[in-house]
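J.: Sequence:
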Amino acid sequence: MMKPSTPPPPSLEDEALIRDYLLHHFIQSVLERDIQILKTLKLKMGELYILNLQLIKKGYSDHAWFLRQQMRRRGIRIHSQSGTAEEGLRVQYLCRGYDGCLLCEWHSFKEEIKDRLVSYLGTDLAAY
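276 is the number of the first residue of the sequence shown in the working numbering; add one for each residue after it.
Hint data in this document are derived by calculation from the structure and do not stem from the laboratory. Computed from a prediction, not measured in an experiment: that's the story for all the values here. Be aware that a few hints might be false.
Calculated cross-link-like contacts (lysine to aspartate or glutamate; reagent style DMTMM-like; alpha-carbon spacing at most 20 angstroms) [said to hold, decoys possible]:
1) 385 <-> 309
2) 385 <-> 361
3) 333 <-> 309
4) 319 <-> 337
5) 319 <-> 309
Ranges of calculated distance between the beta carbons of each label pair, as one might list FRET restraints [unchecked claim]:
6) 284 <-> 362: 20 to 26 angstroms
7) 318 <-> 356: 29 to 35 angstroms
8) 390 <-> 307: 16 to 22 angstroms
9) 397 <-> 369: 36 to 42 angstroms
10) 312 <-> 333: 16 to 22 angstroms
11) 318 <-> 369: 24 to 30 angstroms
12) 314 <-> 365: 17 to 23 angstroms
13) 382 <-> 315: 25 to 31 angstroms
14) 359 <-> 303: 28 to 34 angstroms
15) 367 <-> 320: 41 to 47 angstroms
16) 320 <-> 365: 16 to 22 angstroms
17) 323 <-> 288: 37 to 43 angstroms
18) 312 <-> 350: 18 to 24 angstroms
For every residue, glycine included, the Cβ atom is placed at its ideal position computed from N, Cα and C.
Modelling step: build the complete structure from the supplied sequences, incorporating the hints.
T.: Following this line, the structure appears as structure tokens:
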């Protein structure tokens with residue numbers, strides 16, 4: 276008779292996937308906020324800037340869909356998110372029946388968002 280197998284506990288790859296998903300969520304928020312601000316400004320090239328940000332947002336939407344599919348396949352569900360200025364972003368999640376908690380420090384989280392946006396724009400900040 277076979278023993279019932281238990282699912283493996285959350286791995287580092289699972290937590291990386293959760294972090295990646297959170298980064299994409301925040302990037303989407305930042306892009307949407309910036310698009311709304313640009314719409315209120317009277318810039319000569321405003322439409323061009325808005326279209327560029329919308330293109331980036333579309334690319335991130337497609338990737339976020341892929342991430343959600345990966346999370347579903349791995350049995351990962353995010354329960355709650357909370358953030359404080361001192362601590363950072365705390366995420367409670369369920370992964371294959373195991374409860375988990377992930378803490379992302381604001382400083383490193385913001386730097387990662389900036390790095391991803393810079394790479395998506397194809398900009399080299401070292402040149403400036």
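J.: Could you work out which earlier hints the structure fails to respect and list their numbers in ascending sequence?
T.: 4, 11, 12, 14, 16, 18
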